[in-house]
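The lines below spell out each chain.
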Amino acid sequence: MQRAEAAREQLRAVAAQLDAFVVGHAEAKRALLLALLCREHIYLEGPPGAAKTRMAEVAARAAGLRFFFYQLHRDTRLAELVGDAVLEREPLAGGGERIAQRTLPGGIATAEVCVLDDISRAPGEALNVLLRLLQERMLGDAQIPLLTAIATSNPQRDEYYNEPLDPANLDRFALQLRVPGLLGAEDLAPARELVERASAGSLALDAHARAVCDRAALDAAYAALGGVDFPRAPREALLEVLRILRAEYGCDETNSLLTDRTFLVKAVSLLRGHAWLAGRAAVGVEDLSVLRWLTTFRVPEEAHEKIDEVIARAT
Amino acid sequence: MAAESDIARLRSALDAAIVGHDDAKTALLLALVAREHALLIGPSGCGKSALAEALLAASGARAARLAFHRDTRAAELLGEVALERAPHGRGERLKLRALPNALARAELWLLSDLERAPGEALAPLLRMLSERESAAGPLALASAVATLLPRAQATYADPPEPAQLDRFALQVRMRGHALAADATLAEALLARASATGANKTGRDSPHPDAQLVKFLGSDPVRDPVRAVRGPVRADPLRAHARAIAIPELVQSEWLALWRRIAQLAESAGAPPPSDRVVSAAGLAVLRAHAMLGARSEAAQADLRAARFMLAARVPESLQRAAEQLIERAAAGELAPASSVARAGRALPGDASPRAADAPARAREAERTAQLSPIAPLPHRPQPADVALLVRALAGSIDRAKAERAADPGGSPRRRAPLRTLADAGDADASELALFADASWPSGPALLRRERRSEGGALVILRDVSASMEGARTRLAADVVAGIVRAAAKRRMRVGYVEFHHEAEPLLVDGALFHRRYRTLLLRARLARAEGRTSYQAPLRVALSALRALGEQGGHLVLLSDGVPVVGDPRVARERAEASELGAHIHTVFLGSEELPALLAELAAETGGICFRALHARGSAASAQGRAQLVPLRREPHVARLRALR
Chain H
1 MQRAEAAREQ
11 LRAVAAQLDA
21 FVVGHAEAKR
31 ALLLALLCRE
41 HIYLEGPPGA
51 AKTRMAEVAA
61 RAAGLRFFFY
71 QLHRDTRLAE
81 LVGDAVLERE
91 PLAGGGERIA
101 QRTLPGGIAT
111 AEVCVLDDIS
121 RAPGEALNVL
131 LRLLQERMLG
141 DAQIPLLTAI
151 ATSNPQRDEY
161 YNEPLDPANL
171 DRFALQLRVP
181 GLLGAEDLAP
191 ARELVERASA
201 GSLALDAHAR
211 AVCDRAALDA
221 AYAALGGVDF
231 PRAPREALLE
241 VLRILRAEYG
251 CDETNSLLTD
261 RTFLVKAVSL
271 LRGHAWLAGR
281 AAVGVEDLSV
291 LRWLTTFRVP
301 EEAHEKIDEV
311 IARAT
Chain F
316 MAAESDIARL
326 RSALDAAIVG
336 HDDAKTALLL
346 ALVAREHALL
356 IGPSGCGKSA
366 LAEALLAASG
376 ARAARLAFHR
386 DTRAAELLGE
396 VALERAPHGR
406 GERLKLRALP
416 NALARAELWL
426 LSDLERAPGE
436 ALAPLLRMLS
446 ERESAAGPLA
456 LASAVATLLP
466 RAQATYADPP
476 EPAQLDRFAL
486 QVRMRGHALA
496 ADATLAEALL
506 ARASATGANK
516 TGRDSPHPDA
526 QLVKFLGSDP
536 VRDPVRAVRG
546 PVRADPLRAH
556 ARAIAIPELV
566 QSEWLALWRR
576 IAQLAESAGA
586 PPPSDRVVSA
596 AGLAVLRAHA
606 MLGARSEAAQ
616 ADLRAARFML
626 AARVPESLQR
636 AAEQLIERAA
646 AGELAPASSV
656 ARAGRALPGD
666 ASPRAADAPA
676 RAREAERTAQ
686 LSPIAPLPHR
696 PQPADVALLV
706 RALAGSIDRA
716 KAERAADPGG
726 SPRRRAPLRT
736 LADAGDADAS
746 ELALFADASW
756 PSGPALLRRE
766 RRSEGGALVI
776 LRDVSASMEG
786 ARTRLAADVV
796 AGIVRAAAKR
806 RMRVGYVEFH
816 HEAEPLLVDG
826 ALFHRRYRTL
836 LLRARLARAE
846 GRTSYQAPLR
856 VALSALRALG
866 EQGGHLVLLS
876 DGVPVVGDPR
886 VARERAEASE
896 LGAHIHTVFL
906 GSEELPALLA
916 ELAAETGGIC
926 FRALHARGSA
936 ASAQGRAQLV
946 PLRREPHVAR
956 LRALR
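Protein chains in written order, with the working numbering: chain H, 1 to 315; chain F, 316 to 960.
Calculated from the structure, these hints are not laboratory results.
Quick reminder that beta carbons are idealized off the backbone N, C-alpha and C, glycines included.
Some hints could be false.
Unchecked claim - What follows is a list of derived Cβ distance ranges for each label pair:
id, chain 1, residue 1, chain 2, residue 2, range
1, F, Arg610, H, Arg12, 42 to 48 Å
2, F, Ala751, H, Thr254, 49 to 55 Å
3, F, Leu398, H, Gly201, 39 to 45 Å
4, F, Arg610, H, Gly201, 17 to 23 Å
5, F, Gly584, H, Thr259, 33 to 39 Å
6, F, Gly785, H, Glu27, 36 to 42 Å
Isolated chain H (complex conformation) (with noise of 0.2 Å):
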């Protein structure tokens, strides 16, 4: 119970540091914890400059795992992501020789958190080894120690080249945000405060969060997940958004990714993180929110604008 309090108490200082190094973007840093904390995968979309990466970067330096960065692109090898090749050559009796090759584990295969900025770029060949991996955790027939992937990508305007990333992919992350530019909110504060900040030299450009968490804290964390009660009111909400958005919204297998895995399995752990991280010992009706973390490209455009409204009808 105490190593459970130690260890919100140190996803507590995660927040902070998010704080510390980047202004506004309150949801995103929330989804950030929360994926750290139950081992999801997380993609954030937003606007050139509205400091995705730079979120992406200080949560996994704050969270005190082994991380691996990398920014894809078009020339991106896939040995770049997994570790180098290494070459195996012998003679064999009778003449010719065997040839192997094999991966070196590195980068992805060795780290625990690995942030992937501008995924959307990254040539097919490579993305989709990348993707397996994120989804099955194995590289080969060897587990790989990743907990959680945060990936970034800019929103996929028509005119230009980027082949948007299929919604099939985009299900490999769990939680799924939009990141808006600040200048653009209608709250006009957390602008006001990144100017001053700014202004001040406040902003710690050149440096880099402390790891003021560690992988123990974090599965004390996780296992304490298993000990928050579910209770009957916010599994029936759950389903009840499940049935506004198929009978309402026209959601269905055509237009829509409402799986099993994602929305019954996966939700039931979110909701408990969501809830856990709040201090509370039962997932209430108010943890739902998180749901809309995970319909942001899982079903149409037009259903996802109105999921808050859903949410609270459900509830």
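Given the structure of chain H, go ahead and fit chain F onto it with the hints provided.
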């Protein structure tokens, strides 16, 4: 004081290089002092490179130059590829990495013709701009100056993405003097160029553009400032700029100004400028501006720094309106941020910015669309299921034009043999190592880069006549949205024409065909029903645009709920022209009545398909299901018609 005279010397060096272009010159000085990057957008031959070269020369910093071309590869940008082999256990460990090149040590970079770089080759390079770090370690880079052709002139390449251009804090547009309304600068340039001895060429030109500098400017003998006193060191200037304070009032006015610019952009459907403008990069420019003005503290007048940060962040048509906003802010005529915050988006008590924006918005509207302003439908269209139409288009479009083709800017897709050693970076490391030991004729396999080339062209002709009132408008919106989504997937160029008795094409930068799918989706959502129907007018517009495109086999999709009552009811001439052009006319009937024979004939005669658009029933509680296109069996007389041809 030393700083002031240094700035003056830099400026006079730039003045000596080219005539006019004061904004571009200021932007370069700001970039140098703020330690930020600058982007010069302008037509070829207006002096972009000459100006950048002059800055490189005057600052005396170690410089590196990269001229992009269509086949630019990452190896050229990041360094040659090296294959490292080290013993590892019983085998050896292989690593392909980039060797540091001239860029690694240079303080100033000149990146010319950014638009020629294949879109994706830029990503790693531009990342180096913001991180000032490469895989090999920190870079000496202080500022990069890039040149870019305006979109209209950049012909074959994809336009660089705003996300990539955003890394250039300073961005300005340059215009040629020759075609300017005011001839003063053109005369000055002419006088300078025709002066005796001006076209002497330097013997030891380090770069072809150096000759241009000499041609357009004066030589060192006649430019004592530079010749006598040597280059200006930028570091002390930068230190000086960093020490400049930004008072709270200026901070909040800077924010309020960008907020206004963001609102202006959003009012025209453009994304707001990125947060970088109010973050460290933007404030560095603000400080540099104060320093150029010889102030020890940033003042209201320094809000003018924003002028040098607009070019690619705000649509060109809004540039003037944004500049007016900046001018008014610098003159203290805009309300500070606090009142903007309270007012939200309403901006009460300050009607003038709207008034100032109005002409700009009108111009934007004029440029992108000659369409009537309309009230949007209360709902967002639910894209129709157009699978069958797409299958019809796929026959000719996908096969002919939207195939993946080998392209150095594309993604690795499949294996191909190695042709030149320059491709080694794409080779399989193991095969490359084996090949190095004992070469064999086919060489190591490398990844073949491919990308989708231009998709075909498609014109949507949408009936907006009075009979389209109500549910039919909604149906049409769904069908248009469905077609646009499908086109976007295939990167097809789309034209969009609304018609009643007249045709109203949606033009983007003067052209009917474009890839502004989002604009089209927004436009699809309209509630408009007026006038009477003519097929002749829209078909003419579409066919002449297809003719201008010079490609055979375009596709037209005609959405209508009736028959033409204005113009030729048989559209005989247009039918003949479509056949001549090899254009296929697909027709979509939006009504529930009997199908007008003309729609079936048009389709059959031109090798198109005739559809009826329906809303699928029975999808639970939603008011109406997803719209669908159902192909109609060809009428017997149409089949006969085809047999005769």
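Against the structure, the hints come out as follows:
1. Checked against the hint of 42 to 48 Å, the C-beta distance between F/Arg610 and H/Arg12 comes to roughly 44 Å, which is consistent with it.
2. Take F/Ala751 and H/Thr254: their Cβ atoms lie about 51 Å apart, and the range 49 to 55 Å holds.
3. The beta-carbon spacing between F/Leu398 and H/Gly201, approximately 44 Å, falls within the hinted interval of 39 to 45 Å.
4. At about 19 Å, the beta-carbon gap between F/Arg610 and H/Gly201 stays in the expected band of 17 to 23 Å.
5. In this structure the hint that F/Gly584 and H/Thr259 lie 33 to 39 Å apart at CB holds, the actual value being about 34 Å.
6. A C-beta distance of roughly 40 Å is found between F/Gly785 and H/Glu27, which places it inside the suggested range of 36 to 42 Å.
In summary, this structure violates none of the numbered hints.
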